[in-house]
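**Q** In order, the protein sequence lines correspond to chains W and B.
Residue 89 is where the first sequence starts when you use the working numbering, and the numbers rise one by one after that.
Residue 32 is where the second sequence starts when you use the working numbering, and the numbers rise one by one after that.
Just so you know, the hints here were simulated from the structure itself, not pulled from any lab data.
Quick reminder that beta carbons are idealized off the backbone N, C-alpha and C, glycines included.
One or more hints might be untrue.
Residues of chain B placed beyond 10 Å of chain W at every Cβ, according to the derived structure [claimed, not checked]:
1) V39
2) F43
3) Q64
4) L80
5) N88
6) K108
7) I124
8) P133
9) V142
10) P162
Footprint (simulated), chain W over chain B, 3 or more residues, beta carbon under 8 Å [stated by the list, open to error]:
11) 48 to 58
12) 67 to 79
13) 149 to 160
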Amino acid sequence: MGAGASATQMVFFIASVIIALSVVGAMFMNVQSLSSAVIIGSKTLSEQLKTDITVINDPEIIPNSSGIYTFYVKNTGMQELGTEYITVIIDGTIISDNNLNKTILEGGQTWLTGDVLKINATISLAAGNHNLRVITANGIEDTFSFGTP
Amino acid sequence: MGFSTSAVVVIFTASIIYMASMFYPLVDMSHKQVKEAEKNSNELWKEKLNTKIAISNRDVTELIIFNNGSTTLDSRKINIIIDGEFKSSSSYIVSPRGVWSPKTSINVDIVAAGGRVKIITANGAADYSIP
Chain W
89 MGAGASATQM
99 VFFIASVIIA
109 LSVVGAMFMN
119 VQSLSSAVII
129 GSKTLSEQLK
139 TDITVINDPE
149 IIPNSSGIYT
159 FYVKNTGMQE
169 LGTEYITVII
179 DGTIISDNNL
189 NKTILEGGQT
199 WLTGDVLKIN
209 ATISLAAGNH
219 NLRVITANGI
229 EDTFSFGTP
Chain B
32 MGFSTSAVVV
42 IFTASIIYMA
52 SMFYPLVDMS
62 HKQVKEAEKN
72 SNELWKEKLN
82 TKIAISNRDV
92 TELIIFNNGS
102 TTLDSRKINI
112 IIDGEFKSSS
122 SYIVSPRGVW
132 SPKTSINVDI
142 VAAGGRVKII
152 TANGAADYSI
162 P
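Model the full structure from these sequences, guided by the hints.
**A** As structure tokens, then:
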């Protein structure tokens, strides 16, 4: 009976340690995921807070050459931006990347603070008032109303 | 049975302390990062709200631009759009260059006479001039 009781206690001990370690392992995985999410979330949020863009065109005269309209967007924030994932919406319609040509004026490859991005958009616009929205990769946008003759 | 309970309590306690010691510094660092960004954002908006420029005089190609706000600007960082076209910094002359204090003015020579002129500061504040 004594040896049987010891064996039972030993089995209970090993089983409880294994279960405890499994529970701790699962908790650790969740904490790791949570830590990664917190880091990524705070990085995104801080980048968004430091991002600002301004469309600096003259709303009266938008350069237009054979259906290619030119818009100038200035990085007025504190965050350097990429130009690859800029979204341009004119009158509620997204202009596809094939119809956009983006160049950083007087700058290099990165859209730094103070740099002006020239966006050539190939689009057909009727005479009248229009609305432009430029959205950065991290979701910060500027809206600009302009007229075409 | 009592020994098993003790072992489980030790495993849980040690693990929780270890996880907390790993998680807390990351959360603290992230919190500080967001707070710093919020501070930068507030400074950015404060500067923007306190920036105002006015083109006070225009004589063919010479423009006098007055810093009407309470933010110190940098005259080297202005942009100029003439008749809708962005002009490179080499196509106009700004004087004095550099610090542009509140309640002072700068001169801009756009070299070639143009129509509508838009002057834009580094933080996006702008004013227009028509001949």
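**Q** Evaluate each hint against the coordinates.
**A** Hints and how they fare:
With 10 Å as the threshold on Cβ separation, the claim that V39(B) sits away from chain W is violated: the shortest Cβ distance comes to roughly 4 Å. With a closest Cβ-Cβ approach of about 6 Å to chain W, F43(B) is found to fall inside the 10 Å limit, against its non-interface label. In this structure Q64(B) is not separated from chain W by more than 10 Å, as the shortest Cβ-Cβ distance comes to only about 5 Å. Taking the minimum C-beta to C-beta distance to chain W, about 13 Å, the non-interface status of L80(B) holds against the 10 Å cut.
At roughly 20 Å from the closest C-beta of chain W, the C-beta of N88(B) stays outside 10 Å, upholding its exclusion from the interface. For K108(B), the condition that its CB be more than 10 Å from all CB atoms of chain W is violated, with the nearest at approximately 6 Å. In this structure I124(B) is separated from chain W by more than 10 Å, as the shortest Cβ-Cβ distance comes to about 16 Å. Even its closest Cβ contact with chain W, about 19 Å, leaves P133(B) beyond 10 Å, as expected for a residue assigned away from the interface.
No beta-carbon of chain W is positioned within 10 Å of the beta-carbon of V142(B); the least distance is around 17 Å. Annotated as non-interface, P162(B) keeps its C-beta farther than 10 Å from every C-beta of chain W; the closest such distance is 14 Å. Only residues whose C-beta sits within less than 8 Å of a C-beta in chain W count toward coverage, and the segment 48 to 58 of chain B has 5 of them, enough to reach three; the restraint holds. Note: the segment 67 to 79 of chain B has 7 residues with beta-carbon separation from chain W under 8 Å; the three-residue rule is met and the coverage holds.
Three residues within the 8 Å Cβ limit are the bar, and the segment 149 to 160 of chain B against chain W gives 7, so the coverage statement holds.
Going through the hint list in order, the structure does not satisfy hints 1, 2, 3 and 6.
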